[in-house]
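The primary structure of each chain is shown beneath.
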Amino acid sequence: MMDIPTSLKRTSLRDVHVAAGAKMVPFGGWDMPVQYTGIIEEHRCVRSAVGLFDISHMGEFEVRGPGALAAVQALTTNDASTLAIGQVQYSLLCYPGGGIVDDLTLYRLADDHFMLTVNASNIDKDWAWVTAGGRGGAWTNVSEATGLLAVQGPKAEGLVQRLADRDVTRVPYYHFASGKVAGVPCLVSRTGYTGEDGFELYAPADRSAALWHALVDAGKADGIQPIGLGARDTLRLEMKFALYGNDIDETTSPLEAGLGWVVKPAKGEFTGRVAIEAVRAAGIKRKLVGFEMAERAVARHGYPILKDGDPVGVVTSGSFSPSLERCIGMGYVRADLAATGTELDVDIRGKAQRARVAKTPFVPSHAKKI
Amino acid sequence: MANVPADLRYTKEHEWAKLEGDKARVGITAFAQEQLGDVVFVELPKAGSKVTAMKTFGVVESVKAVSDLFAPLSGEVVEVNAELPKKPEVVNTDPYGKGWMIVIKLDGTKEWEGLMSAADYETLVAAAGH
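Sequence order for the protein chains is L and Z. Its first residue numbered 1, the first sequence is counted upward by one per residue in this note's numbering. Its first residue numbered 1001, the second sequence is counted upward by one per residue in this note's numbering.
Hints are computed from structural coordinates only; laboratory data are not their basis. Incorrect hints may have been included.
[Claimed, not checked] Here are the simulated lysine to any residue pairs, SDA-like style, with alpha carbons at most 20 Å apart: (1) Z:K1087 <-> L:S323; (2) L:K351 <-> Z:A1065; (3) Z:K1086 <-> L:A294; (4) L:K351 <-> Z:G1058; (5) Z:K1086 <-> L:R326; (6) Z:K1018 <-> Z:M1116; (7) Z:K1012 <-> Z:G1037; (8) Z:K1055 <-> L:G350; (9) Z:K1086 <-> L:E41; (10) Z:K1086 <-> L:R296; (11) L:K23 <-> Z:K1046; (12) L:K23 <-> Z:A1127; (13) Z:K1086 <-> L:E292; (14) Z:K1087 <-> L:R44; (15) Z:K1086 <-> L:L324; (16) Z:K1086 <-> Z:Y1096; (17) L:K23 <-> L:L8; (18) L:K351 <-> Z:T1056; (19) L:K125 <-> L:R162; (20) L:K264 <-> L:G99; (21) L:K264 <-> L:T252; (22) L:K267 <-> L:T105; (23) Z:K1046 <-> L:K267; (24) Z:K1046 <-> L:R296; (25) L:K351 <-> Z:V1066; (26) Z:K1087 <-> L:E41; (27) L:K23 <-> Z:G1058.
[What the hints assert, rightly or not] Each pair of labels, with its calculated beta carbon distance range: (28) L:K285 <-> Z:A1118: 27 to 37 Å; (29) L:K125 <-> Z:T1093: 38 to 48 Å; (30) Z:D1068 <-> L:E41: 19 to 29 Å; (31) L:R10 <-> Z:T1093: 28 to 38 Å; (32) L:A138 <-> Z:D1068: 44 to 54 Å; (33) L:K125 <-> Z:E1076: 50 to 60 Å; (34) Z:G1108 <-> L:P26: 38 to 48 Å; (35) L:K23 <-> Z:D1068: 17 to 27 Å; (36) Z:D1068 <-> L:N246: 21 to 31 Å.
A quick note: this is a predicted structure, and the numbers were derived from the prediction, not measured. For each residue, glycine too, the CB sits at the ideal point set by N, CA and C.
Generate coordinates for the entire structure from the input sequences, incorporating the hints supplied.
This is the structure in structure tokens:
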């Protein structure tokens, strides 16, 4: 309802979204579609059929050259040396103090050539971070030239396959292949942020509209719908996937966030290693958990979490779960209160509303773990 | 153009009020529900409680946001829509009908004259929408 600042960045699909009736909102400096028909309907479309997302606002950096692997190893927490060409890895950039600069997916394009996909709101910060201090490798920020569409849902594989010039059904989870989809050169990545099977398609920004229209046309019989950031958020929340700026940030340790599985101290030195290992040795004091509300009461980011009236944590994400038809959320709680089933309260506008620590993901993942 | 029934009056916070004798029925406008998106929860006062013009009387939660409800008029709540906790989505599908929220027994008639006409509200929405 506010005037949209004219400085908002636009993906090459911005006018396509407006023409499709999307409600546009500012997100991380971008003018993005939050919904087309409605968050709940779009959410269910992804869980039951297939949804199409424009996520071209995400950033992509490439690093190549003899120093590329060493640079990536020094910057990220996961072990990039284990990554085969054609494989993708979830990883983190951390500060020396152990807080999180950003979370990212790392692609090994060749022995000495990687791509990092980073959060839209962090592109400038991350770019400054990875290029500071001469860590080696030749870095290129290809964010503006790169379009990114996500095709997610049980019918995603069949749809992309019908348009692809090669067998994408054989691309395993967290792997990618290069090929053409609807005649558009793409990096076809079996990844996503929804818990459904599907692909993320990296294409030249000036071809992403053609790719979008081809997917919409070819997906009509599958019930394809464009999906906004609103449903992207409820879908990822049902999987307890962290969102940078909400659930993780410079003040949170990967270990508190449950991301210890992408921290590999045995690989050698990397930024943040010492601090993270100190936290590991001391034991974490708080932990990111998922919770379900007893009533229809939506816990929002920043609401206090209570135990017997005392503050024991804070909500980082919360919404109505269209799949469960209950209110769910994530938040940091004192480590001794993190066990599944623990009864807590969330302070919602001064009223203590009952919540219970839940097993996560809240709904089963259908990502193709092959 | 937004759906703005001519026989209702409006607040700048996007509530509507319909005069029914010495009472007024209250809800949120079509524009408001469009802006909110899918409504999943509505918190309303109990019958018998007092509300004051342009003070909050409840809360509406959509999937993505929480928003205060402002009373268009002062008085006593004499009826509350008991269906809304079970079917909050009717706020989206029928904001001027089944999506009504409360009925207020008015303290007086003066405040009614201060509410926006449909024409004024349409102008407000046209300006806010774009």
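Here's how the hints hold up against the structure:
no. : hint                           : result
1   : Z:K1087 <-> L:S323             : holds (17 Å)
2   : L:K351 <-> Z:A1065             : holds (18 Å)
3   : Z:K1086 <-> L:A294             : holds (15 Å)
4   : L:K351 <-> Z:G1058             : holds (13 Å)
5   : Z:K1086 <-> L:R326             : holds (12 Å)
6   : Z:K1018 <-> Z:M1116            : holds (12 Å)
7   : Z:K1012 <-> Z:G1037            : holds (19 Å)
8   : Z:K1055 <-> L:G350             : holds (17 Å)
9   : Z:K1086 <-> L:E41              : holds (19 Å)
10  : Z:K1086 <-> L:R296             : holds (10 Å)
11  : L:K23 <-> Z:K1046              : violated (34 Å)
12  : L:K23 <-> Z:A1127              : holds (16 Å)
13  : Z:K1086 <-> L:E292             : holds (18 Å)
14  : Z:K1087 <-> L:R44              : holds (18 Å)
15  : Z:K1086 <-> L:L324             : holds (15 Å)
16  : Z:K1086 <-> Z:Y1096            : holds (18 Å)
17  : L:K23 <-> L:L8                 : holds (15 Å)
18  : L:K351 <-> Z:T1056             : holds (16 Å)
19  : L:K125 <-> L:R162              : violated (39 Å)
20  : L:K264 <-> L:G99               : holds (15 Å)
21  : L:K264 <-> L:T252              : holds (17 Å)
22  : L:K267 <-> L:T105              : holds (18 Å)
23  : Z:K1046 <-> L:K267             : violated (61 Å)
24  : Z:K1046 <-> L:R296             : holds (17 Å)
25  : L:K351 <-> Z:V1066             : holds (15 Å)
26  : Z:K1087 <-> L:E41              : holds (16 Å)
27  : L:K23 <-> Z:G1058              : violated (26 Å)
28  : L:K285 <-> Z:A1118: 27 to 37 Å : violated (57 Å)
29  : L:K125 <-> Z:T1093: 38 to 48 Å : holds (43 Å)
30  : Z:D1068 <-> L:E41: 19 to 29 Å  : holds (26 Å)
31  : L:R10 <-> Z:T1093: 28 to 38 Å  : holds (32 Å)
32  : L:A138 <-> Z:D1068: 44 to 54 Å : holds (53 Å)
33  : L:K125 <-> Z:E1076: 50 to 60 Å : holds (54 Å)
34  : Z:G1108 <-> L:P26: 38 to 48 Å  : holds (42 Å)
35  : L:K23 <-> Z:D1068: 17 to 27 Å  : holds (21 Å)
36  : Z:D1068 <-> L:N246: 21 to 31 Å : holds (22 Å)
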